[in-house]
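Protein chains: 4
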Amino acid sequence: MTDKPTNPPQLLPTVAIQNALQVSSDNWFEYPVTAHPHHTDYGGVVWHGSYVAWMEEARVECLRSIGVDYAKLVALGCELRVVELSIRYRQPVLMGMTAIVKTRIAKIAGVRIPVDYEIRSPDGQDLFVTAHVTLVPVEQERGKILRQLPPGLKDALLKLTASH
Amino acid sequence: MTDKPTNPPQLLPTVAIQNALQVSSDNWFEYPVTAHPHHTDYGGVVWHGSYVAWMEEARVECLRSIGVDYAKLVALGCELRVVELSIRYRQPVLMGMTAIVKTRIAKIAGVRIPVDYEIRSPDGQDLFVTAHVTLVPVEQERGKILRQLPPGLKDALLKLTASH
Amino acid sequence: MTDKPTNPPQLLPTVAIQNALQVSSDNWFEYPVTAHPHHTDYGGVVWHGSYVAWMEEARVECLRSIGVDYAKLVALGCELRVVELSIRYRQPVLMGMTAIVKTRIAKIAGVRIPVDYEIRSPDGQDLFVTAHVTLVPVEQERGKILRQLPPGLKDALLKLTASH
Amino acid sequence: MTDKPTNPPQLLPTVAIQNALQVSSDNWFEYPVTAHPHHTDYGGVVWHGSYVAWMEEARVECLRSIGVDYAKLVALGCELRVVELSIRYRQPVLMGMTAIVKTRIAKIAGVRIPVDYEIRSPDGQDLFVTAHVTLVPVEQERGKILRQLPPGLKDALLKLTASH
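Residue numbers (this note's numbering), protein chains in the order written: chain E, 30 to 193; chain Z, 30 to 193; chain Y, 30 to 193; chain A, 30 to 193.
Same shape as in the complex, but just chain E (with noise of 0.2 Å):
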């Protein structure tokens, strides 16, 4: 990852960008999670690196939504790497409750990827966490950041952005 890009191999992930259903007015794609025993600590409440995984989640339903099967552009050998991580810890979720992971694509630039995270209870009132995270797209096998996004990839990515 600090060597130089390279050119990307060719990818033609699963495209046919579908009505993407779970997408909000204001272009937050919906992911909902329910706070088990696993997610809790001593605390009694979600320990904090068990939204890391939630947001990953999302991010892999948010790409299913537009087309891109996650597994398939990593079997073509082009993984999505997450090169930055933020997080706002404002409210912690309790175990059992119920929270949507809000997440929204936004403008690519070159190859990163940034997507925006909050973190909500069902009626939008409580905000639990906001989040923020940075992918670029790696060539698996070298480890080696790609010159430019695989084109299908791309183009999902363009069409999403532009709806904003």
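FYI, nobody ran anything at the bench for these hints, they're computed from the structure.
Think of the CB as a built atom: it goes at the ideal place given N, C-alpha and C, for glycine as much as any other residue.
Watch out, some of these pointers could steer you wrong.
[What the hints assert, rightly or not] Which stretches of chain Z does chain E cover? Using the computed rule of at least three CB atoms under 8 Å from a CB of chain E, they are:
#: 1; stretch: 81-91
#: 2; stretch: 107-114
#: 3; stretch: 117-129
Fit chains Z, Y and A to the supplied structure of chain E, relying on the hints for placement.
Using the frame of chain E, we list chains Z, Y and A on its own:
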């Protein structure tokens, strides 16, 4: 955590400030970790969320090195909750590698305890991750931020950061 | 947990036994899961410990389907602790796959609640994992096994297993 | 893993069988662990799935103590996959506690490698967990069970178990 801060309970953690042997000359506490299979993901490298667990372990052991037993602090009713977390991933740690989680508690401001991290190869040459965490003391029972740090904790932290 | 059992507190979980829609004709509760990157290890398949988390989620949702809210049960002072766990791994779940965690609470014997599992492909053709878990009710505060199951929980479980 | 076993690749792990210092007189390899916040759940004790990670760490370090570098074995194409796991939880490990994961590789039968575990307090008085795991060598690329253990691995294991 969103509520108004309350007064601290009388906490008396073990603060016989022992000589912190694992602290290097530049005041970093060094906590070694090994990348085991369960830390990795499909990419064969440490999953980005696993570093959050390593950072927590390093923090708890850093506190122990200055005489603060975290489990005892919690038993006395005070939890140190993460309110902010940011991580920059520079180079992945591969399965089987050993790394050093360098941990430094920075100057406390009010009740906020800032912690800096560098995760490096044992020889110090490779920098894998830089990170920053902010902790606040929370009254375990009611989940409210304390107005002040528990005295024993504050003294231990002040002695630590005075030496910077 | 090694101590002598004590009397149960008066627990009144929500036991308005609702129609458990997700229960198949052969009395298995079906809980769908998707293998996300954080579930995998360097082998590109689900890490063997991740199934333990899935099984817990399925168990909690199975209880909810018969009117038992696990978080409420805990709030009332009763925890269902795992005392035995056995898993046979037959075929790995690959990243991106969806699977069904089939869960069945077997005949309760005293305070022991046995739970059977089969993790299968959505079409039922592939069997990935078979497993068995035994739970006992533990008084949260003192960590002691209860002499009897809380009445509301017992009634809900009896109705469920009567239909086997 | 459901497929027929195949021939082993020529694997040459580092098998300069070094004196395994951490092995006690009764042939148990001893791996110390500390219960950190991320290992716990809402009950304030170690979550039942966290022991699976500790057992894996102990197993990898036990192999290292007899000259087998697990990451190298995987790089050469051979993975040791868990096919069976059973755990009996006797007494919970509380947050902040240190425990010893005692690990013993039992007599290998064909390609199956059985591993016994006892998790005890440092003074040996408290027995928290007993467990058993069975591993089989899997050809990483095709996911098939190998017909034979890689020679270097087999020799190291035979020398280890001969001393029982």
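Each hint, compared with the structure:
Coverage of the stretch 81-91 of chain Z by chain E holds in this model, with 3 residues showing a Cβ closer than 8 Å to a Cβ of that chain against a need of three. Restraint check on the stretch 107-114 of chain Z versus chain E: 6 residues with Cβ-Cβ distances below 8 Å, three needed, restraint holds. Given as covered by chain E, the stretch 117-129 of chain Z passes the check, having 5 residues with a CB less than 8 Å from a CB of that chain where 3 are the minimum.
In terms of the numbered hints stated before, the structure departs from none.
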